[in-house]
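*Asks:* Dock chain B against chain A, hints included.
Below are the chains, spelled out letter by letter.
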Amino acid sequence: MVNALSCFDVDVSVVESGAKLADAGRIVLPGVGSFDAGMCGLAERGHLEALRNRVLDAGVPYLGICLGMQFLFEGSAEGSLAGLGWLKGRVERFVSGPGHPKVPHVGWNEVDIAPSSSLMAGLESPTDFYFVHSYYAPLAATETVAVGTCDYGVRFCAALERDNIAAVQFHPEKSQLGGMKLFQTFLNPGQ
Amino acid sequence: MLKRVIPSLLLRNGRLVKGVTYDRHRDAGRPETTARAHNAQGADELLLLDIDAGREGREPDLATIAAVARACFMPLTVGGGIRTLETAHRCMEAGADKICLTSTALDDPSLIGRLARMFGAQAIVLGVDVITTNRRRLLYDHRARRAVEGIEWDEWLKRGVSEGAGEVRIMAVDREGTRTGLDLALLTDASALVDVPIIIEGGAGSLDQVAAAMRGGADAVALGTMLVFSDNNIHKVKSFLKNAGLEIRL
Numbered sequence: 034m035v036n037a038l039s040c041f042d043v044d045v046s047v048v049e050s051g052a053k054l055a056d057a058g059r060i061v062l063p064g065v066g067s068f069d070a071g072m073c074g075l076a077e078r079g080h081l082e083a084l085r086n087r088v089l090d091a092g093v094p095y096l097g098i099c100l101g102m103q104f105l106f107e108g109s110a111e112g113s114l115a116g117l118g119w120l121k122g123r124v125e126r127f128v129s130g131p132g133h134p135k136v137p138h139v140g141w142n143e144v145d146i147a148p149s150s151s152l153m154a155g156l157e158s159p160t161d162f163y164f165v166h167s168y169y170a171p172l173a174a175t176e177t178v179a180v181g182t183c184d185y186g187v188r189f190c191a192a193l194e195r196d197n198i199a200a201v202q203f204h205p206e207k208s209q210l211g212g213m214k215l216f217q218t219f220l221n222p223g224q
Numbered sequence: 144m145l146k147r148v149i150p151s152l153l154l155r156n157g158r159l160v161k162g163v164t165y166d167r168h169r170d171a172g173r174p175e176t177t178a179r180a181h182n183a184q185g186a187d188e189l190l191l192l193d194i195d196a197g198r199e200g201r202e203p204d205l206a207t208i209a210a211v212a213r214a215c216f217m218p219l220t221v222g223g224g225i226r227t228l229e230t231a232h233r234c235m236e237a238g239a240d241k242i243c244l245t246s247t248a249l250d251d252p253s254l255i256g257r258l259a260r261m262f263g264a265q266a267i268v269l270g271v272d273v274i275t276t277n278r279r280r281l282l283y284d285h286r287a288r289r290a291v292e293g294i295e296w297d298e299w300l301k302r303g304v305s306e307g308a309g310e311v312r313i314m315a316v317d318r319e320g321t322r323t324g325l326d327l328a329l330l331t332d333a334s335a336l337v338d339v340p341i342i343i344e345g346g347a348g349s350l351d352q353v354a355a356a357m358r359g360g361a362d363a364v365a366l367g368t369m370l371v372f373s374d375n376n377i378h379k380v381k382s383f384l385k386n387a388g389l390e391i392r393l
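The listed protein sequences correspond, in order, to chains A and B. The opening position of the first sequence corresponds to residue 34 in my numbering, with each subsequent residue numbered one higher. The opening position of the second sequence corresponds to residue 144 in my numbering, with each subsequent residue numbered one higher.
For reference, chain A alone in the conformation it holds in the complex (with noise of 0.2 angstroms):
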């Protein structure tokens, strides 16, 4: 994450506790492992309240990455640990078994973009990106926001907007170039 970033004409930080968020221009939420274990360190690390304040309260850009999306919502399928809960809705599990694609979903796969969307205006509708997850944000939750989709058995949510929230399921970070493209964006919106 902070090798992709660091591309950029940009001061990257990896913060460990919440309370050195308060001087961040914009919050990159990554998220690799699994639900529980990934809110437990959020909480440990005093992050919860933190990105609250930065984020809910003083607006500022925020973009989670597959966890970092999923923690958005109440819960998940995944762990038994409430999420923060911005959004409605919970991250359910991709049905596996005969007749279903393979779980985890694994490797690059189409995103659908919508016109609407900021963070991926650069960008040609479908676009690959790589996606590595047992777990997806269902669309009956992110209607109002979903600005990327998926398919993969079912059509899933792969991202979504609101006001200064972006999140992501794939991995910019791993998706070379059209991951290149959307942190640019981020990082510097409107050129």
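Everything labelled a hint here was simulated from the structure, so no lab data went into it. Check the hints yourself; a few may be wrong.
Computed, partial: chain A to chain B, Cβ under 8 angstroms [what the hints assert, rightly or not]: (1) Gly-66; (2) Gly-130; (3) Pro-137; (4) Asn-142; (5) Val-165; (6) His-166.
Calculated pairs, DSS-like style, for lysine-lysine (alpha carbon to alpha carbon, straight line, at most 27 angstroms) [claimed, not checked]: (7) Lys-214/A / Lys-161/B; (8) Lys-379/B / Lys-161/B; (9) Lys-214/A / Lys-379/B.
We treat Cβ as the ideally placed atom computed from N, Cα and C, and that holds for glycine.
*Replies:* Just chain B now, with coordinates in the frame of chain A:
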């Protein structure tokens, strides 16, 4: 869902090497430079295995992993001697996206589940080395350079996935480096046993052979020799596959 083409890089003493049936390794270039070239050509992922770590009882070469990761804007899977949560964590910190467990999982199957709970099943790749000799398929231990006793390859495959691996990389050891074609029968049998994505490796020598494996159900094909000791490159391989009608990202 697009099929993936994954360069398979074997690491020894800070250099890339390539062998035949897990033997007679020759120098195959600088890791970072090679990674940069593959990234530029649009490789879908990269697989980097420290082939001596398991046998020498040490962690994989984190410095080289970090250097390779810096050149990769696509996912990097690393493996070699990873037997603890701490080591896996250090690999991730160095830039790995997924962890491949082969011999260390044989020693301690519970490792798979422990790592999957921490990093998510999607970040854990089970490496299964299979050797076919005299028409018999056996699970192989590359450290001891002989078949594993006490468990069949298919039992281990199912066990490893049920322990929590989200993906499997199957290597046909007897075909590695031989360019005689990927083991399609092994692929078919493995696909019937588990429900997770399968990366097949071992024996790819021609573009047609790679296409055949993808048509045969492989979610991804890992290439070693074909990308090192021939005039093939990622772009050429992927263009061929796409023109052959396969779903490939160009």
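*Asks:* Each hint: holds or not?
*Replies:* Hint by hint, here is what the structure shows:
The interface hint given for Gly-66/A is met, as the beta carbon of that residue sits about 5 angstroms from the closest beta carbon of chain B, less than 8 angstroms. With a cut of 8 angstroms, the hint placing Gly-130/A at the interface with chain B holds, because the nearest CB-to-CB distance is about 7 angstroms. With 8 angstroms as the threshold, the beta carbon of Pro-137/A comes within range of chain B, its nearest partner Cβ sitting at about 4 angstroms, so the hint holds. For Asn-142/A, the interface hint holds, the least distance from its beta-carbon to any beta-carbon of chain B being 6 angstroms, beneath 8 angstroms.
Satisfaction of the interface hint for Val-165/A is found here, the shortest Cβ-Cβ separation to chain B being roughly 5 angstroms, below the 8 angstroms cut-off. For His-166/A, the interface hint holds, since its Cβ comes within 8 angstroms of a Cβ in chain B; the closest pair sits about 6 angstroms apart. Note on Lys-214/A and Lys-161/B: the hinted pairing is violated, with a Cα-Cα distance of about 35 angstroms set against a maximum of 27 angstroms. For the hint pairing Lys-379/B with Lys-161/B, the CA-to-CA distance comes to about 20 angstroms; that is within 27 angstroms, so the pair holds.
A threshold of 27 angstroms between alpha carbons decides the hint, and for Lys-214/A with Lys-379/B the separation of about 25 angstroms falls inside it, so the pair holds.
In the structure shown, a violation is registered for the earlier hint numbered 7 alone.
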